[in-house]
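Visitor: Each chain is listed here by its residues.
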Amino acid sequence: GAGVSQSPRYKVAKRGQDVALRCDPISGHVSLFWYQQALGQGPEFLTYFQNEAQLDKSGLPSDRFFAERPEGSVSTLKIQRTQQEDSAVYLCASSLPRSYEQYFGPGTRLTVT
Amino acid sequence: QQQVKQSPQSLIVQKGGIPIINCAYENTAFDYFPWYQQFPGKGPALLIAIRPDVSEKKEGRFTISFNKSAKQFSLHIMDSQPGDSATYFCAASNSGGGADGLTFGKGTHLIIQP
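Residue numbers (the working numbering), protein chains in the order written: chain H, 1 to 113; chain C, 1 to 114.
To be clear, the hints were calculated from the coordinates, so they are not data collected in a lab. Just so we're clear, the structure is a prediction, and the values are computed from it rather than from any experiment. Wrong hints could be hidden among the right ones.
Unchecked claim - Residues from chain H that keep clear of chain C, each with C-beta distances beyond 12 Å, as calculated:
| hint | residue |
| --- | --- |
| 1 | 27 |
| 2 | 41 |
| 3 | 44 |
| 4 | 56 |
| 5 | 58 |
| 6 | 68 |
| 7 | 84 |
| 8 | 92 |
| 9 | 95 |
| 10 | 99 |
| 11 | 101 |
| 12 | 113 |
As the list claims (entries may be wrong) - Label-pair ranges, simulated between beta-carbon atoms:
| hint | chain 1 | residue 1 | chain 2 | residue 2 | range |
| --- | --- | --- | --- | --- | --- |
| 13 | H | 41 | C | 27 | 35 to 45 Å |
| 14 | C | 82 | H | 41 | 34 to 44 Å |
| 15 | C | 85 | H | 16 | 16 to 26 Å |
| 16 | C | 56 | H | 28 | 42 to 52 Å |
| 17 | C | 27 | H | 53 | 41 to 51 Å |
| 18 | H | 63 | C | 78 | 18 to 28 Å |
| 19 | H | 41 | C | 94 | 14 to 24 Å |
| 20 | H | 41 | C | 59 | 43 to 53 Å |
| 21 | H | 97 | C | 45 | 15 to 25 Å |
| 22 | C | 55 | H | 113 | 46 to 56 Å |
| 23 | C | 39 | H | 101 | 11 to 21 Å |
| 24 | H | 2 | C | 39 | 43 to 53 Å |
| 25 | H | 53 | C | 10 | 21 to 31 Å |
| 26 | H | 10 | C | 85 | 33 to 43 Å |
Claimed, not checked - Distance condition first, Cα-Cα at most 16 Å in a straight line; then the derived EDC-like pairs of lysine to aspartate or glutamate:
| hint | chain 1 | residue 1 | chain 2 | residue 2 |
| --- | --- | --- | --- | --- |
| 27 | C | 5 | C | 26 |
| 28 | C | 5 | H | 68 |
| 29 | H | 14 | H | 24 |
| 30 | H | 57 | H | 44 |
| 31 | C | 106 | H | 44 |
| 32 | C | 5 | C | 59 |
The C-beta atom is built at its ideal place from N, Cα and C for all residues, glycine as well.
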């Protein structure tokens, strides 16, 4: 079956613009995670959903970051008023119920100019 | 505060050698320890994972060794091949009975020379 897919794969935004990044998890995976990976660093946790409920958003770096998963499947990470420090790869991962194994998508590379 | 410390930052090994990557953690509540492999332009791919109730786990050419008292774990790659050249990340989480966000190390850039 298909893995986790993310779109767009690349996004260039001017400072101050809003962006929306999409994640399609593996079918049947109720848990969905967003991570931010700066160049040359490990991924850092942003937020976690179980179905449509956002159970943990402790990693979101500011109130400019917002994530949603209204129907418990596709998720969108929105960044308002982008700043240069937001430039990174944004990774989405999903997992089965009661499983610790997280499967990652290819990521969206965001460049803020 | 870096909760998972990974070393070395980079590693060069000859084909057939056994690269070893080490990680140390601080949070004693962590109870799930995966290793991920990442190629340029790709997302991390799960390689192997261990829970703290065992000291070693093998899957193919990959072995995790786990030392609970020292709060350390390591990845060994047997009979390494040039195709194993990638960045490797250790991670940890506190499952608490359900899924949880992973805390990653900073990564090890591994090169296997032919």
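Visitor: Check each numbered hint from earlier against the structure, then list the numbers of those it violates in ascending order.
Guide: 2, 3, 4, 5, 8, 9, 10, 11, 13, 14, 15, 16, 17, 18, 20, 24, 25, 26, 28, 29 and 32
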